[in-house]
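> Full structure from sequences and hints, please.
So the protein lines, in turn, are chains A and B. Counted from 1, the first sequence has number 185 at position 185 by the UniProt record's numbering; the numbering is strictly sequential. Counted from 1, the second sequence has number 95 at position 95 by the UniProt record's numbering; the numbering is strictly sequential.
Bear in mind the hints are in silico, worked out from the structure with no lab data behind them. For clarity, every value in this text was computed on a predicted model and none was experimentally measured. All C-beta atoms, glycine included, are put in the ideal place defined by N, C-alpha and C. A few of these clues could be false.
To be clear about the criterion: a stretch of chain A counts as covered by chain B if any three or more of its residues have a C-beta under 8 Å from a C-beta of chain B, and this derived list gives those stretches [claimed, not checked]: (1) 38-51; (2) 137-151; (3) 226-237; (4) 244-253.
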Amino acid sequence: MRRLRGGLQALLVYAVLAFLAAVYVAPIAFMVVGSLKPDARVLADMGSAAAFVPAEASLENYRDVFGRVSFGRFLFNSVLITGAIMLGGLLVNGFLGYALARLRWRGRGWVLAGLLALLILPLEAIAVPLFYQVTLLGWRDTYVVQILPFVAHAFFVYLFYVFFLGLPKELEEAARMDGASVLGTYFRIILPNAKPAFATVAILTFLFQWGQYLWPLMVTSGERVRPLPVAIAAFRTLPPLQWGDILAFGVMMVAPVIVVFLAFQRWFVRGVAESGLKG
Amino acid sequence: MPLRNRWKSFIDRETPAAWLLAAPALLGLLAFVALPFLLALALSFTDLRMGSPLPVEWAGLEQYARILSDPGFLHALRNNAVFAAVVVPLQTALALGLALLLDRPLRGMVVFRTLFFLPVVFPMSLVAVVWILIYAPGTDGLMNAALATLTLGAWEPVDFLHDPRWALPAIMLLSIWQGVGFQMVILLAALQGVPQTLHEAARLDGAGPVRRFWHVTLPQLRNPLIFVALVTAILAFRLFDQVQIMTQGGPLDATTTVM
Numbered sequence: 001m002r003r004l005r006g007g008l009q010a011l012l013v014y015a016v017l018a019f020l021a022a023v024y025v026a027p028i029a030f031m032v033v034g035s036l037k038p039d040a041r042v043l044a045d046m047g048s049a050a051a052f053v054p055a056e057a058s059l060e061n062y063r064d065v066f067g068r069v070s071f072g073r074f075l076f077n078s079v080l081i082t083g084a085i086m087l088g089g090l091l092v093n094g095f096l097g098y099a100l101a102r103l104r105w106r107g108r109g110w111v112l113a114g115l116l117a118l119l120i121l122p123l124e125a126i127a128v129p130l131f132y133q134v135t136l137l138g139w140r141d142t143y144v145v146q147i148l149p150f151v152a153h154a155f156f157v158y159l160f161y162v163f164f165l166g167l168p169k170e171l172e173e174a175a176r177m178d179g180a181s182v183l184g185t186y187f188r189i190i191l192p193n194a195k196p197a198f199a200t201v202a203i204l205t206f207l208f209q210w211g212q213y214l215w216p217l218m219v220t221s222g223e224r225v226r227p228l229p230v231a232i233a234a235f236r237t238l239p240p241l242q243w244g245d246i247l248a249f250g251v252m253m254v255a256p257v258i259v260v261f262l263a264f265q266r267w268f269v270r271g272v273a274e275s276g277l278k279g
Numbered sequence: 001m002p003l004r005n006r007w008k009s010f011i012d013r014e015t016p017a018a019w020l021l022a023a024p025a026l027l028g029l030l031a032f033v034a035l036p037f038l039l040a041l042a043l044s045f046t047d048l049r050m051g052s053p054l055p056v057e058w059a060g061l062e063q064y065a066r067i068l069s070d071p072g073f074l075h076a077l078r079n080n081a082v083f084a085a086v087v088v089p090l091q092t093a094l095a096l097g098l099a100l101l102l103d104r105p106l107r108g109m110v111v112f113r114t115l116f117f118l119p120v121v122f123p124m125s126l127v128a129v130v131w132i133l134i135y136a137p138g139t140d141g142l143m144n145a146a147l148a149t150l151t152l153g154a155w156e157p158v159d160f161l162h163d164p165r166w167a168l169p170a171i172m173l174l175s176i177w178q179g180v181g182f183q184m185v186i187l188l189a190a191l192q193g194v195p196q197t198l199h200e201a202a203r204l205d206g207a208g209p210v211r212r213f214w215h216v217t218l219p220q221l222r223n224p225l226i227f228v229a230l231v232t233a234i235l236a237f238r239l240f241d242q243v244q245i246m247t248q249g250g251p252l253d254a255t256t257t258v259m
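Structure follows, in structure tokens:
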């Protein structure tokens, strides 16, 4: 009796979840299916279940996108900018987190207090003066202006700090006794023991930067250094309006992220969960 | 050597190395976060206009007085507040519901978790562009057609993004859609951290599932829930991408935000 009730309950849970998931994933399915259809079909099928059936499927729209804009260029820009911020950020934020959590030094208290103050400042609050600043420096419409301001990140320093604090003290004592330098201790002892912290920061950086829209919109004017999020918004307003092409552009823009997400799924989810539970 | 002195020499020995390690990140934070913030604070007391050749003059609190009496600004602030007041509780409750559904030792939960998390990896600009099409007006629009089916035809098609009554709710819906997976994952992790012994003890005391939820699960989730709600609230006041792409603040300023 008890087992039967458990089985029924499980069935109910599956049914509810399946329904919710279907509704929830519908916009994504609509995008992918639509990207395979001729433009006229996308609009004609939208009011019925046909919106989710890939009739007359072809890769025509995908070819169109490459013919109409330099998609490869935008993809390269996005990869370059995101990659540079990720690598630079892991290095410098990790260093500062390590110095704050594991070293004794004059000024540590002040730096920590300052960091906590910066933690709550969103980009939007400083976007206008930052824009003014980089304009004075003549940095508009470059890669540098899209990378450099985002490498050092108070939240990621804080995540490293909290994570490194939690490592046992004995870890580096032996290394120190053997006369290892501060830097040597970091790379040989701390880093290998804190891989989840690095994975978390890498993933969160990737997630935030790949979708970054406001700042590149402000600082780029041409297509040369423009990343994907700004490019798709511009592509939508590029005449003639071809929804099939726009959806194909969207699929190609998110496909790399989904591949990375599915490959590192466990890390992704744990990384997000950890940033929430530790923050 | 007395202990106190040894401690001091330890601090002095590590200080140069620590500053060297801290320097790159500190310089970045000072130059690109602290400096612009201070600049914003200072400039807000002047009458600086970008690209204007007039000399910058000290204006004191004039700007604040002007902006606080500007109906446009107040209206935008109100939109942000309404957005937060609806989205924060709704999204948090939805995320909690999903997390509770997924927090079961059943097969396939990873698949569902993956599906609900998927939109989180979608850039907002892409979501906005795709949802413009979903919100297409008339019976042929995907959202209109779906609502008509769900209500068995009782739904009157609306032009979501050009109707002042519908534009803000429409933007709320896609924001929740994109963001709820993020919160769900955090709450799910927190749920799995709730000690099973607490539930067992409550069950022995005769508490049913509802009582166990209110008296065991919820109190244990207090901190993650506060965190999740706080982050959503902060994000609500930074609302920009979807509005800029979908409605540019229109129609009739129904979706103007502070940003």
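> Are the hints correct? Go through all of them and say.
Structure-based check of each hint:
Taking a C-beta to C-beta cut-off of 8 Å, the stretch 38-51 of chain A contributes 7 residues in contact with chain B, enough for the three needed, and the coverage statement holds. Three residues within the 8 Å Cβ limit are the bar, and the stretch 137-151 of chain A against chain B gives 4, so the coverage statement holds. Coverage of the stretch 226-237 of chain A by chain B holds in this model, with 6 residues showing a Cβ closer than 8 Å to a Cβ of that chain against a need of three. Chain B is given as covering the stretch 244-253 of chain A, and this holds because 4 residues of the stretch bring a CB closer than 8 Å to a CB of that chain, at least three being needed.
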